[in-house]
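Participant: If you want the building blocks of each chain, they are given just below.
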Amino acid sequence: MSECILVADDDREIVKAIAILLEREGYKVLRAYDGLEALDLLAQNQVQLILMDVMMPRMDGLSAIMKIRERKNIPIIVLSAKSEDTDKVLGLSMGADDYVTKPYNSQELLARVKSHLRRYTRLGDIHAASASKEFKSGRLCYHAEERVLYADGESIRLTATETKIVDLFMRNLGRVFSAEEIYCRVWEEDAFAPENTVMVHIRRIREKIELNPKEPEYLKVVWGIGYKIEKM
Amino acid sequence: MDIKSKKCKVITAWAAFFLSICLLVESGLTGLNLLTGSGPRGVSVKDALASDFEETEEFRGFVSDYLDTFLAMAAGGPVDWYSRYGDAALDDSYDISWGSGIAESAATTVIEESAESAWDGDYTSEDWEYKTSAKQVHETIKNDKNLIYDIRYNGKSVYTNDENGILKEGEKSLPSDYNFYMVFAEGKASVFKDKKAVDVYGDGVYRDDSQWRIPGYKNFTVDEKTKKAEVRMAVIKSPVNYVQGNYSGSSGSYYGTSSLYDIVRNMEHAKRSYIAKIVEFIAGLVLLGVYLALRKYKKDGDRFLVVYTGKIWLECKVALAVLVIVGGIAGLNNYMGVFYGWGYYEYASEILYPMMYSLLANPMLLLICFWILYLLINDYRYNRKKPRKILVRDIQKLFQIRDMEYPFQKKMIRKFSPVMISGIVLSVIAALACFVSSYYLYDNGGSLAMVLLLVALAVIALLAGMMRQYASDNRILAKEMGDLIRQIKKVHDGNMTDKLKVPEDSDLYDAVQQLNDIQYGMDTALSERMKSERMKVELVSNVSHDIKTPLTSIISYVELMKQEENLPEDVKDYVRILDIKSQRLKSMVQDVFEISKAASKQLPVNLEDLDLGKLLRQTLADMEEQIEESSVTVKAQIPAEAVMIHADGSRLYRVFQNLLQNALKYSLDGSRVFITLKTDSKTAMATVKNISQEEIPSDIDFTERFVRGDESRTDGGSGLGLSIARSFTEACGGVFGIEVDADLFVVTVEFPIKDI
Numbered sequence: 001m002s003e004c005i006l007v008a009d010d011d012r013e014i015v016k017a018i019a020i021l022l023e024r025e026g027y028k029v030l031r032a033y034d035g036l037e038a039l040d041l042l043a044q045n046q047v048q049l050i051l052m053d054v055m056m057p058r059m060d061g062l063s064a065i066m067k068i069r070e071r072k073n074i075p076i077i078v079l080s081a082k083s084e085d086t087d088k089v090l091g092l093s094m095g096a097d098d099y100v101t102k103p104y105n106s107q108e109l110l111a112r113v114k115s116h117l118r119r120y121t122r123l124g125d126i127h128a129a130s131a132s133k134e135f136k137s138g139r140l141c142y143h144a145e146e147r148v149l150y151a152d153g154e155s156i157r158l159t160a161t162e163t164k165i166v167d168l169f170m171r172n173l174g175r176v177f178s179a180e181e182i183y184c185r186v187w188e189e190d191a192f193a194p195e196n197t198v199m200v201h202i203r204r205i206r207e208k209i210e211l212n213p214k215e216p217e218y219l220k221v222v223w224g225i226g227y228k229i230e231k232m
Numbered sequence: 001m002d003i004k005s006k007k008c009k010v011i012t013a014w015a016a017f018f019l020s021i022c023l024l025v026e027s028g029l030t031g032l033n034l035l036t037g038s039g040p041r042g043v044s045v046k047d048a049l050a051s052d053f054e055e056t057e058e059f060r061g062f063v064s065d066y067l068d069t070f071l072a073m074a075a076g077g078p079v080d081w082y083s084r085y086g087d088a089a090l091d092d093s094y095d096i097s098w099g100s101g102i103a104e105s106a107a108t109t110v111i112e113e114s115a116e117s118a119w120d121g122d123y124t125s126e127d128w129e130y131k132t133s134a135k136q137v138h139e140t141i142k143n144d145k146n147l148i149y150d151i152r153y154n155g156k157s158v159y160t161n162d163e164n165g166i167l168k169e170g171e172k173s174l175p176s177d178y179n180f181y182m183v184f185a186e187g188k189a190s191v192f193k194d195k196k197a198v199d200v201y202g203d204g205v206y207r208d209d210s211q212w213r214i215p216g217y218k219n220f221t222v223d224e225k226t227k228k229a230e231v232r233m234a235v236i237k238s239p240v241n242y243v244q245g246n247y248s249g250s251s252g253s254y255y256g257t258s259s260l261y262d263i264v265r266n267m268e269h270a271k272r273s274y275i276a277k278i279v280e281f282i283a284g285l286v287l288l289g290v291y292l293a294l295r296k297y298k299k300d301g302d303r304f305l306v307v308y309t310g311k312i313w314l315e316c317k318v319a320l321a322v323l324v325i326v327g328g329i330a331g332l333n334n335y336m337g338v339f340y341g342w343g344y345y346e347y348a349s350e351i352l353y354p355m356m357y358s359l360l361a362n363p364m365l366l367l368i369c370f371w372i373l374y375l376l377i378n379d380y381r382y383n384r385k386k387p388r389k390i391l392v393r394d395i396q397k398l399f400q401i402r403d404m405e406y407p408f409q410k411k412m413i414r415k416f417s418p419v420m421i422s423g424i425v426l427s428v429i430a431a432l433a434c435f436v437s438s439y440y441l442y443d444n445g446g447s448l449a450m451v452l453l454l455v456a457l458a459v460i461a462l463l464a465g466m467m468r469q470y471a472s473d474n475r476i477l478a479k480e481m482g483d484l485i486r487q488i489k490k491v492h493d494g495n496m497t498d499k500l501k502v503p504e505d506s507d508l509y510d511a512v513q514q515l516n517d518i519q520y521g522m523d524t525a526l527s528e529r530m531k532s533e534r535m536k537v538e539l540v541s542n543v544s545h546d547i548k549t550p551l552t553s554i555i556s557y558v559e560l561m562k563q564e565e566n567l568p569e570d571v572k573d574y575v576r577i578l579d580i581k582s583q584r585l586k587s588m589v590q591d592v593f594e595i596s597k598a599a600s601k602q603l604p605v606n607l608e609d610l611d612l613g614k615l616l617r618q619t620l621a622d623m624e625e626q627i628e629e630s631s632v633t634v635k636a637q638i639p640a641e642a643v644m645i646h647a648d649g650s651r652l653y654r655v656f657q658n659l660l661q662n663a664l665k666y667s668l669d670g671s672r673v674f675i676t677l678k679t680d681s682k683t684a685m686a687t688v689k690n691i692s693q694e695e696i697p698s699d700i701d702f703t704e705r706f707v708r709g710d711e712s713r714t715d716g717g718s719g720l721g722l723s724i725a726r727s728f729t730e731a732c733g734g735v736f737g738i739e740v741d742a743d744l745f746v747v748t749v750e751f752p753i754k755d756i
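Those protein sequence lines, which keep their order, are chains A and B.
For what it's worth, UniProt numbering labels the leading residue of the first sequence as 1, then goes sequentially.
For what it's worth, UniProt numbering labels the leading residue of the second sequence as 1, then goes sequentially.
Don't read these hints as lab results, they were simulated from the structure.
Note that the Cβ used here is the ideal one computed from N, Cα and C, for glycine as well.
Just so you know, not all the hints are guaranteed correct.
So, partial list: chain A residues that the calculated Cβ filter (under 8 Å) puts toward chain B [said to hold, decoys possible]:
1) Pro103
2) Gly138
3) Arg175
4) Val222
5) Gly224
6) Ile225
As a list, the in silico DSS-like pairs of lysine-lysine whose alpha-carbon atoms are at most 25 Å apart [said to hold, decoys possible]:
7) B:Lys562 <-> A:Lys114
8) A:Lys88 <-> B:Lys597
9) B:Lys581 <-> A:Lys214
10) B:Lys754 <-> A:Lys88
11) B:Lys415 <-> B:Lys489
12) B:Lys536 <-> A:Lys82
13) A:Lys88 <-> A:Lys164
14) B:Lys479 <-> B:Lys499
15) A:Lys82 <-> B:Lys415
16) A:Lys16 <-> B:Lys562
17) B:Lys6 <-> A:Lys228
18) A:Lys16 <-> B:Lys601
19) A:Lys28 <-> B:Lys562
20) B:Lys601 <-> A:Lys82
21) B:Lys145 <-> A:Lys88
22) B:Lys195 <-> B:Lys145
23) A:Lys214 <-> B:Lys665
24) B:Lys193 <-> B:Lys225
25) B:Lys597 <-> A:Lys82
26) A:Lys214 <-> B:Lys597
27) A:Lys88 <-> B:Lys536
28) A:Lys82 <-> B:Lys581
29) B:Lys499 <-> A:Lys214
30) B:Lys479 <-> A:Lys214
31) B:Lys581 <-> A:Lys16
32) A:Lys16 <-> B:Lys572
33) B:Lys572 <-> A:Lys82
34) A:Lys220 <-> B:Lys586
Okay, chain A solo, but in the shape it has when bound (with noise of 0.2 Å):
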């Protein structure tokens, strides 16, 4: 079974680029040059997930992704040059799902359009099975019980360190904890210089959950204060 994935774009360049990158991944890609063409494929075809410009001739990209929410609940992956924080923003509470700045990171796009699409059509299985006690957020999912790491429903493997300290942010979203306080919980021993011990394990983890390590979402660092995963 192979999805379709829609891209949108008014530079038909990058739309062939990404085409190509996702057509080697084995997806079926549908090719619009502005928001009306967009809109009228959607209407025609089947589609799971829509990679969407921001700037584009007829109709510009985030009033193509209000109208979309008005029917759909695809995901939909905002791609556009606008690095802001305030573009950023703007995009996801028009309804889309995640933004990615341009010049992109192949790799790291397709990491996104697998994670999304995971979600999308495996949504319902994790809900069925949630379990009594889990921690969730965005796409990590942590069953406090079993004391495993879900990422877009697939469990990831951990050693017992990372799965402990993975065990103490899961368990306190959002709270930061600073490298002494990570040591004391998780060798439960008395810290002395842990910042570069904490930071390797972090580095490990981050590799394992997210997409693009070199820019975490979720484990991030609380520069002059500590360590934290943020709660989505």
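For this one, chain A is given, so just place chain B on it according to the hints.
Facilitator: Then chain B, alone, in the frame of chain A:
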């Protein structure tokens, strides 16, 4: 030379100077007093230093006086008791005896007083001459065995205290403790000392400087009646005190003491004080020598004193100088007047005498005056060029400081009020003067006086009215000026909308209009600038967006090409270069965008309290891999305790990331990069130090955009790293600094410490 020994020398030199002057002046004064005949305790040098008191002028005076007294007693008349004090050495006590008396004469006055009280005759004008009956005198002195006397008249003993009869046989049979013997008979005296005859009359002519003031000279004889008197007396070798208590006198109790003993004792005391003065003088000379040897250091002492005297108000100094000088002159005049008045004209004509007498009578006063003058002159010498401390100016300053607290209007009115008050006072005085003068003129000039008074009153009324008008005008002007000044402050503080309005006939109308124009101009210029700043950011934003779109295509297709496997090796190499350069272009576009925003102060920052030390440790941990890959070692010196500052953590992370990357990239291979965090009570300062691989050009501002140490360098780095670091630091409220010392490259990031 070490400071301590120098300090010792300065102190020694100055102390020697001070003491030598004090001692020399004090002993010198005694010397000067001697010249005028007033030695200590009224004793001359010769007498004071004589080994045998019987050889002194003082003693001869004593004997002469008693001889006078005894002759008078023998003749049976009342005794001129006082006259025995008329000897030369006690000249000064002439007035003292009349007055309250001073220490030197106190001892000698006692017997005199007891004698006086013993005399119970009527007090007449002759009392002043202390006439006393012979019997009373005998009663008073007979118990004083220092002086044994036998007074005879016509061969019959009248008064004697010679109970043991030692005088009967003449000088031959005197006991050994009485070594002075005098006999006066037939109008002539014979004196024996240690049983040897003493030449009394010399060539037989009595002169002022004759040693013995006793009758028997050719030109100093006695009357016929007295010739019948015979007086013998013997004086003890070492006098002892004889005290006679008088309790039955009419005016209470007195103690009479032996006058000879008092004289001898007085001479001993005088001798002691002479020796003391000589010792003082010698000590003074020695100290003067010490001072002269160290006079170089004494000058340092002077300069040291000047520091303190310089702190005294000039007015005080002038007042002190005037007091000392005028006081000295007045004192001199006063004493001169006294001496003239007392008929010492011939002494006073020697100008030295009264001067000495006045100042020199009180060496302490003289010394105080001297040192005050010395300090003042010393102060003048060294402080001439320096700004003086003037009381009036200080008071003025004080008032000025207080005035500063008032707004302008009040200040202006306050400044005018003294003028107004003095004007009013002056007017009132003028009116009174007119009134008084017209009152006196009325007798002479009548109508003229009235006219003058009326004119004066009219002028005063006019003056008062004008001043009142001026004051009220001033008040309005002051109010408007105050408004204007407030408005200038408003404009200065950035209020560009409020306009000031004053009536068109105001003196300040033009100034106010011009200020309003300036305000408008500034407002326009400011909004223009804001607009242009905004446009600049928009431009950069648009440009970066426009660059990003084609860049997206480039990067995307490079990615695709990278995935092609069957490309020739050289083409793969081209693709690799394209990949690196396009990635760098991507980061540069982002950096330029952020810098332009920071430069126009539109960079959003999320300020929060954070621990700078922790941030540095996190940054180091975050970059651990890069550090390990690099050829340098990073040494961190970060305190364990929290260093709280108020900043944006993620921006600061970028700052230190850039600084570290810079250091890793441009450091000499194998060298160390030092990251330190130091704090004082107010600021936290993070420093990154590294040794540059290449020579650092000295004239480059590294925080300028696109500047790199090595212009030809093409590896890595957009040249924006330090520029971003500075922009971000400043956006967070920190201070960014770069120092280059030869090959040492030092970057400092400073933040104020946040109190918890």
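Participant: Run every hint past the structure and note whether it holds.
Facilitator: Verification of the hints:
no., hint, in the structure
1, Pro103, "holds, 4 Å"
2, Gly138, "violated, 20 Å"
3, Arg175, "violated, 15 Å"
4, Val222, "holds, 6 Å"
5, Gly224, "holds, 3 Å"
6, Ile225, "holds, 5 Å"
7, B:Lys562 <-> A:Lys114, "holds, 21 Å"
8, A:Lys88 <-> B:Lys597, "holds, 18 Å"
9, B:Lys581 <-> A:Lys214, "holds, 19 Å"
10, B:Lys754 <-> A:Lys88, "violated, 33 Å"
11, B:Lys415 <-> B:Lys489, "holds, 22 Å"
12, B:Lys536 <-> A:Lys82, "holds, 17 Å"
13, A:Lys88 <-> A:Lys164, "violated, 33 Å"
14, B:Lys479 <-> B:Lys499, "holds, 16 Å"
15, A:Lys82 <-> B:Lys415, "violated, 65 Å"
16, A:Lys16 <-> B:Lys562, "holds, 16 Å"
17, B:Lys6 <-> A:Lys228, "violated, 69 Å"
18, A:Lys16 <-> B:Lys601, "violated, 39 Å"
19, A:Lys28 <-> B:Lys562, "holds, 22 Å"
20, B:Lys601 <-> A:Lys82, "holds, 19 Å"
21, B:Lys145 <-> A:Lys88, "violated, 133 Å"
22, B:Lys195 <-> B:Lys145, "holds, 19 Å"
23, A:Lys214 <-> B:Lys665, "holds, 20 Å"
24, B:Lys193 <-> B:Lys225, "violated, 29 Å"
25, B:Lys597 <-> A:Lys82, "holds, 14 Å"
26, A:Lys214 <-> B:Lys597, "holds, 24 Å"
27, A:Lys88 <-> B:Lys536, "holds, 22 Å"
28, A:Lys82 <-> B:Lys581, "holds, 21 Å"
29, B:Lys499 <-> A:Lys214, "violated, 56 Å"
30, B:Lys479 <-> A:Lys214, "violated, 67 Å"
31, B:Lys581 <-> A:Lys16, "holds, 22 Å"
32, A:Lys16 <-> B:Lys572, "holds, 22 Å"
33, B:Lys572 <-> A:Lys82, "violated, 31 Å"
34, A:Lys220 <-> B:Lys586, "holds, 23 Å"
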